[in-house]
Amino acid sequence: MLEVKDATISIGGKTLVKGLSLIARDGQITCITGSEGSGKTTFLRTLMGFLPVEAGFVSVDGELLTIDSAHAFRTLMIYLPQEIQALAHQLKAPEAPVCEADEYGVWNATLPSAVKEQQPEPLSPEAIFQLAEKTILEAPDKPIVIADEPAAHLTPELTEQLYELLRQQKEAGKTVLIATRKPQLLSRADLVLNLDTFRQ
Amino acid sequence: MNTGLLLHTLLGLLLLVIPAGLLYFLERPMLKNFGIAIVRMIIQLAVLCLVVWGLIRVDSPWLLILWLLAIAAYSGWIVVKRCKQEVKKLMLPVSAGLLIGVSLIAFWLLGLVFPVRIFDPHWFVPVTALLMGHATAMMIRGLSTYLSALQADEQQYEFLRGNGLAHFKALQPFLRRSLLAVISPTVANLSVLGLTSMPLLLVGILLGGISPLHAFLLMIGMIAGCVSASVLSMALSIFCYELSQRHIRQTAA
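These protein sequences, in sequence, are chains A and B.
Residues in the first sequence are numbered consecutively from 8, following the numbering used here.
Residues in the second sequence are numbered consecutively from 7, following the numbering used here.
Same shape as in the complex, but just chain B (with noise of 0.2 Å):
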């Protein structure tokens, strides 16, 4: 970092003089919180871009697979905490289903979309970031209303066992109810997205220097791609964990 992106920081965070004297006259007891938040995002926005600048800087394809590996795990990780659910049980499956499912989406967006390099690090780190933090939101919600629907409509999952479904086949309400909880939020924001919300990425692209119409077309690629990988993750989660408990399921029914 050089001496004069050091002095545009500090000039940036010297706005936030502003905040906080007025919560030094009116809201003394809350400033304290308010310097803690500051300093934990500077930390941890540091860290982050440290990380992504030394994925940058060595720009090596194995070293972004294992950037890939990585958060793939801690977001599999995020979600079996989130939903409540053992870490031995689900972890593994659900963080094969969003390293699947957000790799083939990249690979898919990176290749054909955009086109690009599909190795370099300046698009490969936060395209698929990106995706692997809607996929993992969303997951939050399919996987956790397909455990706890399946838990409270055992009887319904029964009943299709016993009139001849087959496993897979007798999951499907739950799997349609998984899905409409992905799907129902995204029908409602998409449809505001632009108009009442002012996307960040797009803010971002556009500070980037790209043009409009560039930052039109790379909004449609990524917001196609986030919903696109966020279902197929949660379909390949939901049957990696279905394939390990099967012969529990059977036998239990």
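Here chain A stands alone, though its shape is the one from the complex (with noise of 0.2 Å):
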């Protein structure tokens, strides 16, 4: 269960949310919605102890989540980014550079120049969701799943996919907590929150 409580969360001096509370429980697939720019991301990273809160606290079973306890409570989490399209290489590493012998000397050869490494290709709706899946069953045991805007760059099909995915975590008693604004996903969630609601 995770517990937030009269949360104020701002960034770069910017208050976005205040007073906010909310109780995710197990077993429940709870939304976080709201209108571009309302601070969905933003509040799902202060859940996982990437920010702090200004005021207030984050609880995970009532164990108090701070900057510097977050890591041991991430170790309960499987989180799904909002940019899950640019993990081409979380799916496949990128192999070794093919060099020819001639670009490099051992001895008494001029310095080489710094390499630049490139963005990899964003992955397509089959892979973003094969990355999803994949990651959501190789940790059976943790106990809360944060998904951020997990349906953005899927089909309605694939959408379909990933919600039934979400819930068979429900089923198994998992915190499934969700960033989105697609109503395909809202319409069926146990608990919607609604950040403009909580805007400054």
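Treat the hints with caution; some may be incorrect.
Stated by the list, open to error - Here are the simulated DSSO-like pairs of lysine-lysine, each with C-alpha atoms no more than 27 Å apart in a straight line:
#: 1; chain 1: A; residue 1: 12; chain 2: A; residue 2: 149
#: 2; chain 1: B; residue 1: 95; chain 2: B; residue 2: 175
#: 3; chain 1: B; residue 1: 175; chain 2: A; residue 2: 99
#: 4; chain 1: B; residue 1: 175; chain 2: A; residue 2: 149
#: 5; chain 1: A; residue 1: 177; chain 2: A; residue 2: 189
#: 6; chain 1: A; residue 1: 189; chain 2: A; residue 2: 141
#: 7; chain 1: A; residue 1: 123; chain 2: A; residue 2: 149
#: 8; chain 1: A; residue 1: 25; chain 2: A; residue 2: 12
#: 9; chain 1: A; residue 1: 149; chain 2: A; residue 2: 99
#: 10; chain 1: A; residue 1: 123; chain 2: B; residue 2: 175
#: 11; chain 1: A; residue 1: 123; chain 2: B; residue 2: 95
#: 12; chain 1: A; residue 1: 177; chain 2: A; residue 2: 12
#: 13; chain 1: A; residue 1: 141; chain 2: B; residue 2: 175
#: 14; chain 1: A; residue 1: 149; chain 2: A; residue 2: 189
#: 15; chain 1: B; residue 1: 87; chain 2: A; residue 2: 123
#: 16; chain 1: B; residue 1: 94; chain 2: A; residue 2: 123
#: 17; chain 1: A; residue 1: 123; chain 2: B; residue 2: 90
Don't read these hints as lab results, they were simulated from the structure.
The structure displayed is predicted, hence computed values, not measured ones.
Could you fit the two chains together into a complex? Lean on the hints.
This is the structure in structure tokens:
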């Protein structure tokens, strides 16, 4: 169970939400929604301990979550980030660069130029679903699932499959927390929290 | 420098009359650049040899340690500049990584592999210079790969951290990429060494009057040392850098 009590969350000196309270229970799907820029991602990052709360507190199963203790709590979490389409290298590690011998000299060589790694090609909707499925299924013992706009890059069919996967997690007694604006997911949540109602 | 040595040096330089003459007839504007390059080369070599001559003449372990510190600091600066990074942020971890990595390998080579008096300047200076030169070149490849991969794939680090991996564990895919950036060209080059390329070091050893068998043993030791020093220095530098950045990365992830 994840609990947030009277939380004020700010980023870059700007207060996004104030006086926010929420209890995301085990065996339930809780959806966080709100207009663009309402702080859904920031809120999830706060729940994961990447950002501190300015006021109030966050707790996991009654234990206080702080920046310092966050790592221990994150070992209990499955996390699907908003930019999941950028995780091509998580699905397939990049191969070793192909080098010709004359590109390099062991002795008396001139200094090489700096290497500039490029961003990987974005994943296809099928690959995104594959990665999400792999991440969830590889961690059957983790009791909390946090997904940030998990259906943003998926087709309606794959969104349905992902929902089914998340529903199975809920049935397994896990706390499922989703940031989304998709009606397809919002309509089937056990609890919906709209961040716009807590905006300054 | 005695008169004979000066005369022989001048006779050596006289050979440059051939390319200079051809340039005079065929590409006269290039002649100036050619002349400047030769003068620069002579000055640079003279300064380097003067330093080495001083180190050999004084023959003090403290001076040799100072030499090692100086080349580590200079190499660290070169790496940071080549990688287009902030000197304040990276120079210390890179120089420390190079210093520790090169020192450990150099002491192993000098004390156990060759084996000679560790602080004999005739051995200490060329061995540390070769190891440092190679580690510097490889550090440019490895560190720039590491830093740019972290920047390009920042989401992957966040994903791994969010799924419960510790800081250094989440850096593992990026360390792997930087290791590949160092090892791949090494593998490509070592497989043709001696077949399509004649290493200048081997030529130098043979010119120094050492037998081919001993030259072979020295080459093997130096190659193994260079490859190990480059990987070790890179790992140590990244470790030192990440320790200094740990708090910043944890809260920014």
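Results of checking the hints against the structure:
no., hint, verdict
1, A:12 x A:149, "holds (23 Å)"
2, B:95 x B:175, "holds (22 Å)"
3, B:175 x A:99, "holds (17 Å)"
4, B:175 x A:149, "holds (18 Å)"
5, A:177 x A:189, "holds (19 Å)"
6, A:189 x A:141, "holds (22 Å)"
7, A:123 x A:149, "violated (37 Å)"
8, A:25 x A:12, "holds (10 Å)"
9, A:149 x A:99, "holds (24 Å)"
10, A:123 x B:175, "holds (23 Å)"
11, A:123 x B:95, "holds (19 Å)"
12, A:177 x A:12, "holds (23 Å)"
13, A:141 x B:175, "holds (19 Å)"
14, A:149 x A:189, "holds (25 Å)"
15, B:87 x A:123, "holds (14 Å)"
16, B:94 x A:123, "holds (21 Å)"
17, A:123 x B:90, "holds (11 Å)"
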